[in-house]
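If you read the protein sequences in the order shown, they are chains A and B. Numbering-wise (this note's numbering), the first sequence opens with residue 95 and increments by one. Numbering-wise (this note's numbering), the second sequence opens with residue 17 and increments by one.
There could be a bad hint or two in this list.
[As the list claims (entries may be wrong)] Listed next, the in silico DSBU-like pairs over lysine-lysine satisfying Cα-Cα at most 35 angstroms (straight line):
hint	chain 1	residue 1	chain 2	residue 2
1	B	K386	A	K115
2	B	K247	A	K233
3	A	K497	B	K156
4	B	K360	B	K26
5	B	K53	A	K115
6	A	K233	B	K349
7	B	K446	A	K117
8	B	K349	A	K281
9	A	K233	B	K21
10	B	K349	A	K130
11	A	K117	B	K353
12	A	K281	B	K353
13	B	K353	A	K280
14	B	K446	A	K233
15	A	K395	B	K93
16	A	K130	B	K93
17	B	K21	A	K115
18	A	K115	B	K23
19	A	K395	A	K233
20	A	K233	B	K359
It is worth saying that the hints were derived from the structure and are not from the lab.
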Amino acid sequence: MEYSRSELMPGVFLSHLRSDKFKTACMSATLLSQLKRETASMNALIPNVLARGTTRYPDLEQLFARFDELYGAAVEPINRRMGEVHCIGFFASFPEPAFLPGGEALLGEMTTLMAEMLLSPNTRGGLLLPAYVDSEKEKLLDLIRSRVNDKRSYAVTRCLEEMCCCEDYAVSRFGTVEDCEAIHYKKLTRYYRELLRKSPVELFYCGRAPFAEVENAFRDALSGMPRGEIDYEIGTDLRMNALESEPRYFEERMDVTQGRLVLGFRLGECMEDPDRAAIHVFNAVYGSGVTSKLFMNVREKLSLCYSASSAVVLRKGLMIVSSGIAFENFDAAKAEILAQLEAVRNGDITDEELNAARRAVASDLRATLDSQSDLESFWLSQAVAGLDYGPTELAELVEDVTKEAVTAVARSVELDLVYFLRDEDGDGEDEDDKDEGREDEAFEA
Amino acid sequence: MRDVKMKLSKHEYPGVGETLYAGTLDNGLEVRVIPKKDFSTYYAAFATRYGGAHRRFAVDGRRLDTPAGVAHYLEHKMFDLPNGDNALSILSANGADPNAFTSAEMTCYYFECTEAFEENLRMLLHFVSTPYFTDETVQKEQGIIAQEIRMGEDNPGMVVYYKLLEMLYDHHPIRDRVAGSVESIAEITAGTLYDCHRVFYAPSNMVLCVEGDVDPEAVARIAEEVLPKEKAPVPTADFGEEESLLPSAALHMEEMAVSAPQFLIGLKLAPGEGGPAFHRRYITAELAMRMLCGPSSPFFLRLYEQGLLTADFGCEIDSPAGAFMVIAGGESKDPEKVQDEFKKECARIAREGFDEAFFTRIKRAAFGSKLRGLEDFDNVCVSLAQGVFEGICTLDAFALLEGISAEDCRRFVEENLTPERMALSVIRPKAAEAAG
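The whole structure should be built from the sequences, with the hints applied where relevant.
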């Protein structure tokens with residue numbers, strides 16, 4: 095797999111991965127901007143409105159008919175946040191010529207179509223269509239309201255919001271109901287035009303076509319893109335310490351049968367010069383995966399929960415421990431989760447635990463090479479962070495992480511906020527509490 | 017060339033660039049292997065035809081009736097090994113990412129790894145074929161599983177699904193929750209688990225599917241070395257008398273803490289007979305439903321524009337444990353209106369048929385989606401395993417797709433998607449939550 099990168103136009107970068115092993119090719123185009131409360135809802139709305147129709151395919155019927163013709167080649171809106179960078183745009187995948195009748199190549203048509211969706215939406219008088227904007231706005235509002243449906247991710251989101259209440263990271267990639275309701279199609283068009291002029295753009299391609307061919311296809315397709323003064327001043331603010339001297343506690347009540355206990359931590363001073371490999375291994379030793387201390391002790395030994403797991407948000411220097419417990423087990427589960435962190439801090443890590451953690455993290459990274467969507471998000475994340483090493487190189491670093499390095503990360507970690515989602519009419523103290531075992535929380539997905 | 021009889025036969029699928037090695041070992045185990053050069057990932061799935069729906073069964077002339085949730089409980093306890101070890105930990109320590117799931121029709125143990133594949137494969141086969149339960153460990157698991165069951169009760173997607181199944185199926189055990197209930201699992205003892213393991217975990221009732229840069233014969237050889245040699249009798253599941261195609265109720269509504277109504281429309285199809293004829297019926301249903309209510313269908317586009325459907329609206333054809341059904345749903349402010357429109361659209365298609373140009377496009381799109389599905393080892397191995405239990409090979413789908421006509425799809429709609437066959441399950445927001 096060969097990786098190349100170049101700047102095609104001012105502020106427009108292409109990351110290209112050549113590989114013969116997949117049956118489909120994939121690509122993405124992402125506009126980067128600062129995650130802010132005022133613009134989050136507009137950012138979220140833009141790709142959805144653009145995906146309603148273009149000048150050539152003015153409505154969904156014609157656009158989807160074209161996708162079907164291109165062998166189900168989907169061009170899907172994407173809306174992600176990477177730390178406090180808001181990433182919006184499109185992701186597309188389509189069959190490689192080797193599997194199509196007559197070896198039909200779709201690269202040219204797909205780059206054209208994706209660029210068209212990004213740059214040439216269906217407009218009237220230069221303005222995005224009010225009907226499309228209003229309809230997508232309603233759907234976005236429903237989506238924002240629906241976050242309560244999944245209690246596990248709701249609890250994690252609420253913990254992050256409370257923990258980062260003074261930081262942009264508290265802002266959802268969908269924005270808020272109020273901000274979304276205030277969107278007007280004229281204002282949205284103005285913001286969209288501005289975004290096109292000043293956002294850095296990340297392009298990604300993975301497939302069989304050689305670099306020059308992909309570069310030319312994108313250069314042609316994006317030739318009409320307006321480029322003004324590019325805003326390179328986007329990034330993520332790191333807060334090293336907890337907001338207050340004692341961890342904050344936040345409780346919320348709802349009609350649920352299972353409690354959700356979420357602990358929010360700052361990774362702390364280790365973020366000054368982060369050893370990414372060590373942080374990943376620390377997370378695996380402590381709480382991610384079935385050999386982790388949280389799984390082995392909180393779930394298996396004490397049966398306190400169905401699952402308890404940790405995840406780090408490296409870009410923002412955070413760690414979250416999430417668990418599902420019986421309401422009565424709040425104190426016991428929290429105490430055990432913190433006791434296990436203390437154990438890692440004290441270097442109470444066996445060689446088996448350390449090896450298992452290193453192998454799990456390294457194996458995950460190597461498996462990234464077999465999934466185009468994982469590769470896309472790995473390389474976008476690297477681009478946003480200004481890093482240029484690949485999954486294999488990071489895996490090699492992971493394999494060399496020492497126990498001392500893991501302990502050092504654990505000592506740097508600081509509890510900031512405890513969040514508890516519980517039943518409406520329970521009385522504080524009951525009997526015993528359970529965590530759900532293993533979860534991969536996609537905080538930023 | 018070694019003078020050894022090949023255990024697996026080779027099947028080429030040149031159109032999609034895959035080669036499948038398939039065969040049955042002397043102990044009855046079905047083996048499927050797809051070698052993948054240039055990939056670092058290895059994936060192995062070891063599955064038994066034993067899921068939440070296999071509550072009543074006959075083996076060796078004995079008839080047994082077990083509580084709901086045994087298959088799933090067994091899955092949780094299989095990882096315990098006699099010397100106090102845990103297979104999950106051993107595999108993880110060895111760099112693999114192991115897990116398991118139980119559905120209505122199967123229990124599947126699997127791992128993914130990028131090194132030490134053969135060692136991990138041996139461990140997978142070993143632990144799944146080594147039952148070790150004590151009353152103490154079985155008792156301890158009850159708390160964990162009860163939490164899992166409660167988590168399901170808070171999950172609107174799960175509730176809306178099971179309520180639909182309860183309307184569609186009068187007595188078929190797929191209407192029972194795979195995990196059982198807090199009450200039903202209280203009846204499970206170490207003895208129950210040993211009995212069910214003996215009956216359902218014999219190689220003759222199981223399938224091993226592997227994908228990765230492997231030698232297929234080596235996979236078969238390892239399976240022969242690790243697993244029991246004898247061929248045990250295959251149990252017969254009793255799903256009760258064949259059900260009428262009509263649902264027992266047409267509408268169920270209940271309230272939960274959700275932001276907007278969630279709904280599923282469902283209907284039963286005549287049970288799956290297995291084999292190529294069934295596979296063809298399955299793909300016909302997939303194509304018909306994609307044209308009827310897929311993302312580029314006139315029905316979906318119209319309701320999407322009217323704000324009655326969202327992008328998460330989807331449709332699924334499913335054939336668990338001999339049942340066969342179509343389910344469509346998502347979120348809507350007015351699920352009953354959606355169902356009315358859906359019924360009207362079915363009637364229109366039954367009358368007018370599908371547009372030929374549309375049909376041609378949908379076939380191309382279906383080909384592309386299936387091709388994309390081949391990139392995912394997990395998806396490929398699990399659907400190969402499921403295919404073995406249904407007497408089909410999922411890779412045959414590409415060839416079958418070619419032979420299906422627009423008229424086949426119209427007839428599917430006319431014969432099956434009639435109003436009296438449909439049921440609607442709805443979860444509505446509680447008044448207090450609705451404001452968001």
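These are the hints, each one checked on the structure:
1. A hinted pair counts as satisfied when its Cα atoms are at most 35 angstroms apart, and B:K386 with A:K115 qualifies at roughly 17 angstroms.
2. For the given pair, B:K247 sits about 56 angstroms from A:K233 by alpha-carbon distance, which is inconsistent with the 35 angstroms threshold.
3. About 33 angstroms separates the Cα atoms of A:K497 and B:K156, which keeps this hinted pair within 35 angstroms; it holds.
4. Taking the CA atoms of B:K360 and B:K26, the gap is about 48 angstroms. The hint is violated against a cut of 35 angstroms.
5. A distance of roughly 8 angstroms separates the Cα atoms of B:K53 and A:K115; the hinted pair therefore holds under the 35 angstroms criterion.
6. Under the criterion of a C-alpha separation no larger than 35 angstroms, the hint pairing A:K233 with B:K349 is consistent with the structure, at around 11 angstroms.
7. With a CA separation close to 46 angstroms, the supplied pair B:K446 and A:K117 exceeds the 35 angstroms bound.
8. Between the alpha carbons of B:K349 and A:K281 the distance comes to roughly 28 angstroms, so the proposed pair stays at or under 35 angstroms and holds.
9. Taking the CA atoms of A:K233 and B:K21, the gap is about 61 angstroms. The hint is violated against a cut of 35 angstroms.
10. For the given pair, B:K349 sits about 30 angstroms from A:K130 by alpha-carbon distance, which is consistent with the 35 angstroms threshold.
11. For the proposed pair A:K117 and B:K353, the alpha carbon gap of about 41 angstroms is over 35 angstroms, so the pair is violated.
12. Between A:K281 and B:K353, the direct Cα distance comes to roughly 34 angstroms. Compliance with the 35 angstroms bound is thereby established for this hinted pair.
13. Under the criterion of a C-alpha separation no larger than 35 angstroms, the hint pairing B:K353 with A:K280 is consistent with the structure, at around 33 angstroms.
14. Proposed proximity of B:K446 and A:K233 is supported: the alpha carbons are some 20 angstroms apart, at most 35 angstroms.
15. Distance check on the hinted pair: A:K395 and B:K93 sit about 14 angstroms apart at the alpha-carbon level, within 35 angstroms; holds.
16. Between A:K130 and B:K93 the CA atoms are separated by roughly 48 angstroms; this puts the pair beyond 35 angstroms, and the hint is violated.
17. Under the criterion of a C-alpha separation no larger than 35 angstroms, the hint pairing B:K21 with A:K115 is consistent with the structure, at around 31 angstroms.
18. About 28 angstroms separates the Cα atoms of A:K115 and B:K23, which keeps this hinted pair within 35 angstroms; it holds.
19. Annotation: proposed proximity of A:K395 to A:K233 is violated, straight-line Cα distance about 45 angstroms (limit 35 angstroms).
20. In summary, the hint linking A:K233 to B:K359 is supported, as the alpha carbons are separated by about 24 angstroms, within the 35 angstroms threshold.
Violated hints, in rising order: 2, 4, 7, 9, 11, 16 and 19; the structure is consistent with all others.
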